[in-house]
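Sequence lines, in order, name chains A and B. If you're matching positions, the first sequence starts at 1 in the working numbering and goes up one per residue. If you're matching positions, the second sequence starts at 1 in the working numbering and goes up one per residue.
Among the hints, erroneous ones may be present.
Reference excerpt, derived from the structure (chain A facing chain B, CB under 7 angstroms, subset only) [claimed, not checked]:
no., residue
1, D26
2, G31
3, T158
4, T192
5, A193
6, E200
7, E206
8, K322
9, M324
Not close to chain B: a few residues of chain A, all C-beta gaps over 10 angstroms, as computed [stated by the list, open to error]:
no., residue
10, F93
11, E134
12, E179
13, K235
14, L317
Just so you know, these hints were derived from the structure itself, not from any lab. Where is the CB? At the ideal position from N, CA and C, for every residue including glycine.
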Amino acid sequence: MRKVAILVLILTAVLYSAQLVVYTYDSMVSGLAKKIEPLFEEKYGIDVKFVSFGDAGNIISRILLEGKKTQADVILGLDQNLLLKAVERGILFPYKPKNISRVKKELLKKKEDYAVPFDYGAIAIVYNTETIKEPPKSFEDLLKPQYKRRIVVEDPRTSSTGLAFLLWTIAAYGDNFTEYWKKLKDNLLTVTAGWDEAFEMLESGEADMMVSYLTDSAYSHYYYDSGKYAPAVFKEGMFTQVEYVGICRFTDDLDAAKKFVDFMLSEEVQELIPLNQWMLPVVEVKLPEVFEKYVPKVEKYLFLDAEKVEKNLERWLKDWEKIMVGY
Amino acid sequence: MGKDNGRVLMGLFAPLLYFFLFLILPISFLVAKFSVADVFYVAHEYKKLISYNISQALLSATLATSIGALISYYLARKNIKGILRNLIHVMAKISFVVPGVSMAIGFYLLFGRKGFINDILGLFGLHIDILYTFLAVILGHAFYNIPVSVYIVGSVWERFDGNLIEASYVDGCRDFQTFLKVELPILTPSIVASFLLSFIYSFTSFAVVLIIGGPKYSTLEVVIYMYLKNLLNFKVALSLTFLQLFIIATAAAISSYLLKGKIPFGVPKLKKVTFFDYIALSMLLSLVFLPLILSIVSGFLTKNPSKSVFDIIKIGMSFLGVSFWKMLLTSLLISIATAFISITIGLITGRMTSKGYKALQIFPFLPTAFSTVTLAFGYLMISLKFNIPSVYLLPFLHSLLSIPLVHGIIEMGWRNVERSIEEAAMMDGASFWDMLFKIYLPLLKNFLIRAFTFSMAISLSDLSGVLILSNESVFTFSKAIYRLMSSRHMPEARILNTIFLLMVMLIYYFGEMKTQND
Chain A
1 MRKVAILVLI
11 LTAVLYSAQL
21 VVYTYDSMVS
31 GLAKKIEPLF
41 EEKYGIDVKF
51 VSFGDAGNII
61 SRILLEGKKT
71 QADVILGLDQ
81 NLLLKAVERG
91 ILFPYKPKNI
101 SRVKKELLKK
111 KEDYAVPFDY
121 GAIAIVYNTE
131 TIKEPPKSFE
141 DLLKPQYKRR
151 IVVEDPRTSS
161 TGLAFLLWTI
171 AAYGDNFTEY
181 WKKLKDNLLT
191 VTAGWDEAFE
201 MLESGEADMM
211 VSYLTDSAYS
221 HYYYDSGKYA
231 PAVFKEGMFT
241 QVEYVGICRF
251 TDDLDAAKKF
261 VDFMLSEEVQ
271 ELIPLNQWML
281 PVVEVKLPEV
291 FEKYVPKVEK
301 YLFLDAEKVE
311 KNLERWLKDW
321 EKIMVGY
Chain B
1 MGKDNGRVLM
11 GLFAPLLYFF
21 LFLILPISFL
31 VAKFSVADVF
41 YVAHEYKKLI
51 SYNISQALLS
61 ATLATSIGAL
71 ISYYLARKNI
81 KGILRNLIHV
91 MAKISFVVPG
101 VSMAIGFYLL
111 FGRKGFINDI
121 LGLFGLHIDI
131 LYTFLAVILG
141 HAFYNIPVSV
151 YIVGSVWERF
161 DGNLIEASYV
171 DGCRDFQTFL
181 KVELPILTPS
191 IVASFLLSFI
201 YSFTSFAVVL
211 IIGGPKYSTL
221 EVVIYMYLKN
231 LLNFKVALSL
241 TFLQLFIIAT
251 AAAISSYLLK
261 GKIPFGVPKL
271 KKVTFFDYIA
281 LSMLLSLVFL
291 PLILSIVSGF
301 LTKNPSKSVF
311 DIIKIGMSFL
321 GVSFWKMLLT
331 SLLISIATAF
341 ISITIGLITG
351 RMTSKGYKAL
361 QIFPFLPTAF
371 STVTLAFGYL
381 MISLKFNIPS
391 VYLLPFLHSL
401 LSIPLVHGII
411 EMGWRNVERS
421 IEEAAMMDGA
431 SFWDMLFKIY
441 LPLLKNFLIR
451 AFTFSMAISL
461 SDLSGVLILS
471 NESVFTFSKA
481 IYRLMSSRHM
491 PEARILNTIF
501 LLMVMLIYYF
511 GEMKTQND
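Go ahead and model the full structure; you've got the sequences and the hints to work with.
Below, the structure written as structure tokens:
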């Protein structure tokens, strides 16, 4: 009888104990989430579950469709463009964590009333060091005849990396970005639907350069002990993708959600960012050796005002379509 | 008579209910803000793209159907021996499950600037650029759609009654005249059906067209994706979807008008295979299947020789936090459930349309108009509205994706059933269930096995539906490969992909052996 009572107690405790649900993107679940889940549970005694539905764009669609019924307490992994959409559609609960002052100043924008950055990284043109001996140093260099039909970029209509590259050219050239793309078009080998297809082209030797990330070189040294691919740093400045964590407006456990947001800025999580997310931490922590050695230092970062992006994105994509597709 | 009418009503009602519950209802949850004015707006905005899209799909379908018909000819009229015959069938099916990325690897290794063809041409100082051209798009679509043609045209032609051909020879006709006057008229419905499906698949192509053609050749699907995922504009995405629906429904209606006639099945008349035949067949097959073989082999060309294939799989699975066997079981369970649902519906729709109920002909083609992402979001709404765990809806979603093909294959089978056999059974007092289990299913067996394996293949290869509707504990092969790739675990992803393709190939091979022996 005592055993039954204990079992009932345990079951009740399990059923009624708080479970924090975090909506995120796919690769987060098998990577960083696995590391931070036990840390958070141990620190706060709150069970946490990470749920994903593909890429980050699906998180917003999902919550919009689920409405008040959503299980989401926390949203993890929206970039600056998606964050604005989430704010506009009213799915975020405003919250400013106590430890926000530790975040690097240049990453803080006014939308941080709704969500806080937890990592960031730059996109870059990554090249094959065996075939490209003189890497490009600027956008103008990319137009040189020596790179003709050797560059592959991702489609901004279907790929977040592709969209970031388009925004990078807009950050660099402003409204004249169309002129730049008209010239770049001739040097491109092709445009792929996603990052993985472009990477396969680089791997199979079909292309020599692609749009990828500044940390790629550190990654290939760390996992494959190879320095075959390296990122090029552009003098116009590098374009940053910032990833945010925020509280879902429909959460039924606001306290636990707040704790999770605070936790994401803690040193113990931030130290895990480089080797799990292959992004940079938003607070000052010691970087792993591969980062110190193989991630090039960036002098200048370019940012694009998220509100400007929201207002113009459809037009910019149509302009891109006109140049690249011809309609 | 009353019973007959009841069965006809049931035959019409059951598929209509299925399409209502699993296609129209989920979509209706998404169309609350949809207006006709939007359709006209986007039709005007994208008119150039739409007209290009139609001509591209027409050309792709023409090439795929022509090559498919040629391969079908070899299967039907030449005495190709067991293993080679089985391999052709198996390889044709495999191309259906090749994920876009694997297919890209195959194409680069074959047609790329450092590919197989250019390596050979290089020996003679020559070089050819096929990728990123219109020709590449057409070839890519042919790669995917030749199986459709081989299966729909091939399954009829392979069992064409040799006595009719013999009779034509006796009447003085030569081979070509016999083909034109005896075989072609009877094969026309299956050729039209396969052309139509190839047209629809090429029209709604997504990754293939970008990978090997580039943005110049992108389809309406890419624009729908942009509005759905990047701009979160469901309104325009659905307007474009309805435009697609209109074009596809028109194509299906034309096909329903053309499809008619009964197929005289019997013992085929096979000719001796000549050396020239082997050369021609190898060329046709290599054009289609070399990218596939190269893609399969590439999985084993691992960049890290210090680790065995098993170690790499272990690393991948431990990263994902799921056991290999659980993933295998989940993939098989979902795909088998899918095959049962689509075969049940295909049996009914195939029976009804082969009996002349043309109104039903359009329905099996309707799902092709909707992108999987759109359908999956609709299913998600159903799951939320009725508190159904969304993963249980996956087989229904996958059944919609496979129904056009399954219907096409089973309908051909129904045309095989002789009216005289049915009448004799009815005169002997056989009940409906007696006829189903003792006459129809045995006669349709080969078609059902083929439809079953195709349906499984389509389910196994789906990614976007699985991502949206499955939860964390549910892993299929495609989801595992995607997650490994998006986390930059390329060697693990490639090996898993190769194992996946080999496994499917094995399943098909046993299926083919079974039908061959029968």
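The hints, checked one at a time:
Interface restraint check for A/D26: the shortest CB-CB distance to chain B comes to about 5 angstroms, inside 7 angstroms, so the restraint holds. Interface restraint check for A/G31: the shortest CB-CB distance to chain B comes to about 6 angstroms, inside 7 angstroms, so the restraint holds. The beta carbon of A/T158 comes within 5 angstroms of a beta carbon in chain B, closer than 7 angstroms, and the hint placing it at the interface holds. Taking 7 angstroms as the C-beta contact cut-off toward chain B, the hint placing A/T192 at the interface holds, the least distance being around 6 angstroms.
Because the smallest distance between the Cβ of A/A193 and any Cβ of chain B comes to about 4 angstroms, under 7 angstroms, the interface hint for this residue holds. Annotation: interface hint on A/E200 holds; nearest CB of chain B at approximately 6 angstroms, less than 7 angstroms. A least Cβ separation of about 5 angstroms between A/E206 and chain B falls short of the 7 angstroms threshold, and the interface hint therefore holds. Checking A/K322 against chain B: minimum C-beta separation of about 11 angstroms lies over 7 angstroms; hint violated.
For A/M324, the suggested interface contact is upheld, since its CB lies about 5 angstroms from the closest CB of chain B, less than 7 angstroms. Separation of A/F93 from chain B is adequate, the least Cβ-Cβ distance of about 20 angstroms exceeding the 10 angstroms criterion. The non-interface label for A/E134 is consistent with chain B: the shortest C-beta to C-beta separation is roughly 20 angstroms, beyond 10 angstroms. No Cβ of chain B comes within 10 angstroms of the Cβ of A/E179; the nearest lies about 18 angstroms off, and the non-interface call holds.
Here A/K235 stays apart from chain B, with its beta-carbon at least about 28 angstroms from theirs, past the 10 angstroms limit. The non-interface label for A/L317 is inconsistent with chain B: the shortest C-beta to C-beta separation is roughly 6 angstroms, within 10 angstroms.
Hint compliance for this structure: hints 8 and 14 are broken, all remaining hints hold.
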